[in-house]
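Asks: Can you make the complete structure from the sequences, with help from the hints?
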Amino acid sequence: MMKYDFAQVEKKWQDIWERDNTFAATDDYTKPKFYPLVEFPYPSGQGLHVGHPRSYTALDIVARKRRMQGYNVLYTMGWDAFGLPTENFAIKNHIHPEIVTKNNVANFKHQLKSLGLSFDWTREINTTDPDYYRWTQWIFLQLFKHGLAYKKEMSVNWCTSCKCVLANEEVVNGVCERCGGEVVHKVKNQWMLGITQYAQRLIDDLDSVDYIERVKTSQINWIGRSTGAEIDFATTAGDVLTVFSTRPDTLYGATYMVIAPEHPYVEKWAGQITNLEEVHAYQQEAARKSDFERAEMNKEKTGVRIAGVNGINPVTGGEIPIFISDYVLMTYGTGAIMAVPGHDERDWEFAKKFDLPIIEVVAGGNVAEAAFTDCDTGILVNSGILNGLSVEEAKQKMIQWLAENGKGREKVNYKLRDWVFSRQRYWGEPIPIIHCPHCGMVAVPEEQLPLRLPEVESYEPTDNGESPLAAIEDWVNTPCPVCGAPAKRETDTMPQWAGSSWYYLRYCDPHNNKELASKEALDYWAPVDWYNGGMEHTTLHLLYSRFWHKFLYDIGVVSTPEPYAKRTSHGMILGENGEKMSKSRGNVVNPDDIVKEYGADTLRLYEMFIGDFEKSATWNASAIKGCKRFLDRLWNLMEIAAEGEGYSAGLESSFHKTVKKVTEDIEAMKFNTAIAAMMTLLNEIYDAGSITTGEFKTLLLLANPFAPHLTEEVWEQMGFAGQISGQTWPGYDPAKCVDSTVEIVVQIAGKIKARLQVPADIAAPEAIALAKADPAVAELIAGKQIVKEIYVPGKLVNIVCKG
RNA sequence: GCCGCUGUGGUGAAAUCGGCAGACACACGGGACUUAAAAUCCCGAGGUAGCAAUACCGUACGGGUUCAAGUCCCGUCAGCGGCACCA
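Using the numbering used here, read the first sequence as starting at 1 and increasing by one per residue.
Where hints are given, some of them may not hold.
As the list claims (entries may be wrong) - List of simulated lysine-lysine pairs, BS3-like, C-alpha gap at most 30 Å:
| # | residue 1 | residue 2 |
| --- | --- | --- |
| 1 | 289 | 353 |
| 2 | 92 | 163 |
| 3 | 31 | 670 |
| 4 | 163 | 289 |
| 5 | 583 | 625 |
| 6 | 145 | 488 |
| 7 | 163 | 415 |
| 8 | 33 | 519 |
| 9 | 550 | 411 |
| 10 | 113 | 670 |
| 11 | 772 | 802 |
| 12 | 628 | 596 |
| 13 | 415 | 301 |
| 14 | 615 | 657 |
| 15 | 670 | 657 |
| 16 | 670 | 697 |
| 17 | 186 | 289 |
Unchecked claim - If you anchor each label on the Cβ, the simulated ranges turn out as follows:
| # | residue 1 | residue 2 | range |
| --- | --- | --- | --- |
| 18 | 742 | 784 | 21 to 29 Å |
| 19 | 680 | 646 | 18 to 26 Å |
| 20 | 554 | 680 | 45 to 53 Å |
| 21 | 439 | 319 | 48 to 56 Å |
| 22 | 554 | 221 | 19 to 27 Å |
| 23 | 31 | 130 | 29 to 37 Å |
| 24 | 415 | 620 | 34 to 42 Å |
| 25 | 802 | 632 | 53 to 61 Å |
| 26 | 24 | 693 | 28 to 36 Å |
| 27 | 267 | 213 | 41 to 49 Å |
| 28 | 752 | 802 | 15 to 23 Å |
| 29 | 597 | 481 | 56 to 64 Å |
| 30 | 534 | 31 | 26 to 34 Å |
| 31 | 686 | 773 | 32 to 40 Å |
Read the hints as simulated data drawn from the structure, not as lab findings. Note that the Cβ used here is the ideal one computed from N, Cα and C, for glycine as well.
Replies: Structure below.
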């Protein structure tokens, strides 16, 4: 018997699959479809990481199995290739980002092909391809036309190191998610996308999709819906200061107010404020602080009283002071609050520091010691019309009172903010807008798309915060498409999240040059049936693409309100030391090395066997050998396989059970136990010492999604008809998955005392009688009173005695 | 601080509904083959005591429910992830 030469065999089959387009999806829209999706990678210079194949192999297994079950499967790959690392590499090495991208893609593609993934490579896409980003720009223009893309002067997160604006989602712990650089606030004119208009639908429609629970929870928390009321406070300046509160029931306990440092009323009240200098000084100090500093210093409350203007509590009529403090954010609610120190921890802290009165309006705690925030048990006191009510009742009554008296209204707020969409960088999709002195902002006519990136001398971002595109005069200057007057192009580009917000739609019809995809293709393939990806994309990519999809649904481009029917997530693969793999920690495992030493099938099998797919797993170089051994033993079955379609050596029910287990486990993402079941069966076959060719075929079919190269080769060498990837997935007979006799245990008061072989369908009285007849059991129960007898079918008999 | 998840041998982990804890592997020990090693094959193994049959203990910790708890309930501790002055 020839030893299994994985290198030669894997190359052979990869070439055949490529030559024959074996895994291409067909455009036969009458067949049942299955659309699995994995997140397309950013083709970095470092190449593939062993984390990538975990997700890709998992859905490859599902895809291969579903193809064998008769589905038309669309499983494909592409490149999310715009982005900063490529641009930075280009700057440093003076190579065009397009060339860098091309090289990286070639490398990634070569690596992926060596893993035997059954992608339909005829549908490969690249977000930096003008034929692709043409449609990214087209979607942007539709958003613009519907008022969902707009420009706004606002305070944005500015990474001092990348010299670029960041979305809120890209700021982590006050620093830049990508480079760890300091993030400061900068007031800039930015493109924004109105994702907040979709906030409620993004929450509600989670009920209609099959996402793992933690993804749903994270998205709901991120969107951060709060219900409460807006309340209008008259001020002694003669105007009205509106606040948002989730606790309108505590209005009688509002003893002061606070506005955010950026609140416009400071300027409005400038004439009345008697300590304006002090207030301005505080504003400047707050503006200077970075997010990181604000987060660091959040233990200690700071603030300045606005002297000369007071608020008037609408229910008590009493005058209360107004403060300016950075614990109130301009970006949430109205940028102003009513402070109820008795029942809000932050207000309590602030009141203590500034020696402000604390009034108890909800009984149940001790407001001298701490804020009492329990909404379930508290009863309203010192609150006029609300006295004696529960918190919930009081909220309703107060909202009603406010509405009736014109002092406020019910209100829902979201933490989610509109998406800061512009970047001042080169390597992104140009925003297709022209600024005309007469017509204002004008869309580039759709027939002129794609608006291509111009050639530039330098990709270096500028210190004044302008994109490198701003320096290309002959590109920037262009006539207005409406009036023909000299006008200027928008020079900001889109963030990396743009291209990835709709790529799954392009796979459906990737070569269409008339629309982003044909309606027929979209109606057939969408939504994605199963999307697997990392948890890190939950509040970024996943939320953004749901938003874009809903918009495309609203304008009739797609026919489903959600892009992904099902979302699952894989755990990270950690280095051998249990830490996250990184160059600096020196614990990175390169998949190429594993493929070279053990072969792709072994790598695939190992990554699926490593543990619970959803949990993070620690790489273990020696554990790979077990998977290699399994494949070698599978290969060596060729030596003992004997002609015959039936079952040999009493393995029939084992085969049926294994087919059932593997079939079900693949769909449940329990790849590790599916593999264990095949290992068990293989051990049984070797124990039996023989296998028929019929049995061998079944085992090869089960193993094929996991180890496609080896199983193809064995199939061929055994002379079985056709290629294994074109065969039908094996079925099983549920009746044959159960044994005719089973071993049950006999317990006395829960402790095992005997084991019996009984018919599987034995009735309870017979089973108990048999148990009592067992000599060991009989001796133990002799002369005792039996209190209880339990029979669990196929499992055990438990006898409970007294005395 | 809030929300979510997790805690099982030397290691990675299994264990539909509450029903034989540790499947399947790795590493380890012993043996076979070999001049030798690798590879391969066979055997062993949760802990304690015992030559053994066997007994007792055992799923982070403390309680509870149950004939029966890794699984359910209450409390505690530890770790991981997310959010974090969002009124």
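Asks: All hints, please: hold or fail.
Replies: Hints, verified against the model:
Between residue 289 and residue 353 the alpha-carbon distance is near 21 Å, which keeps this suggested pair within the 30 Å criterion. Distance hint between residue 92 and residue 163 is fulfilled; the C-alpha atoms sit about 16 Å from each other, no more than 30 Å. Of the pairs offered as hints, the one joining residue 31 and residue 670 holds, with about 28 Å between alpha carbons and a cut-off of 30 Å not exceeded. Under the criterion of a C-alpha separation no larger than 30 Å, the hint pairing residue 163 with residue 289 is consistent with the structure, at around 18 Å.
Only pairs whose Cα atoms come within 30 Å are accepted, and residue 583 paired with residue 625 is accepted, the gap being roughly 25 Å. Using a Cα cut-off of 30 Å, the hinted pair residue 145 and residue 488 holds, with the two alpha carbons roughly 19 Å apart. With a C-alpha separation of about 26 Å, the suggested pairing of residue 163 with residue 415 holds against the 30 Å cut-off. A C-alpha spacing of about 16 Å is found between residue 33 and residue 519, which places the hinted pair at or below 30 Å, so the restraint holds.
For the hint linking residue 550 to residue 411, the alpha-carbon distance of about 24 Å falls within 30 Å, and the restraint holds. The suggested pairing of residue 113 with residue 670 holds, with an alpha-carbon distance near 25 Å, which does not exceed 30 Å. For a cut-off of 30 Å, the pair hint linking residue 772 to residue 802 stands: about 16 Å separates their Cα positions. Restraint check for residue 628 and residue 596: satisfied, since their Cα atoms lie roughly 13 Å apart, inside the 30 Å limit.
Distance check on the hinted pair: residue 415 and residue 301 sit about 22 Å apart at the alpha-carbon level, within 30 Å; holds. A C-alpha spacing of about 27 Å is found between residue 615 and residue 657, which places the hinted pair at or below 30 Å, so the restraint holds. Annotation: proposed proximity of residue 670 to residue 657 holds, straight-line Cα distance about 16 Å (limit 30 Å). At most 30 Å may separate the alpha-carbon atoms for a hinted pair to count; residue 670 and residue 697 meet this at roughly 23 Å.
Proximity of residue 186 to residue 289 is assessed by CA-CA distance (about 11 Å); at most 30 Å being required, the pair is judged to hold. In this structure the hint that residue 742 and residue 784 lie 21 to 29 Å apart at CB holds, the actual value being about 27 Å. The beta-carbon spacing between residue 680 and residue 646, approximately 21 Å, falls within the hinted interval of 18 to 26 Å. For the hinted restraint 45 to 53 Å between residue 554 and residue 680, the CB-CB distance of approximately 52 Å keeps it satisfied.
Here the CB-CB span from residue 439 to residue 319 is close to 51 Å, well matched to the stated 48 to 56 Å. A hinted range of 19 to 27 Å holds for the C-beta pair residue 554 and residue 221, which are about 25 Å apart. The supplied range of 29 to 37 Å is met by residue 31 and residue 130, whose beta-carbon atoms lie about 33 Å from each other. With their beta carbons about 41 Å apart, residue 415 and residue 620 fall inside the hinted range of 34 to 42 Å.
At roughly 58 Å, the beta-carbon separation of residue 802 and residue 632 lies within the given 53 to 61 Å, and the hint holds. At about 30 Å, the CB distance of residue 24 to residue 693 agrees with the hint of 28 to 36 Å. Here the CB-CB span from residue 267 to residue 213 is close to 47 Å, well matched to the stated 41 to 49 Å. Between residue 752 and residue 802, the C-beta spacing of about 20 Å keeps the proposed range 15 to 23 Å intact.
Between residue 597 and residue 481, the C-beta spacing of about 59 Å keeps the proposed range 56 to 64 Å intact. In this structure the hint that residue 534 and residue 31 lie 26 to 34 Å apart at CB holds, the actual value being about 31 Å. Between residue 686 and residue 773 the C-beta distance comes to about 37 Å, which sits within the given range of 32 to 40 Å.
Violated hints for the displayed structure: none, as all numbered hints are satisfied.
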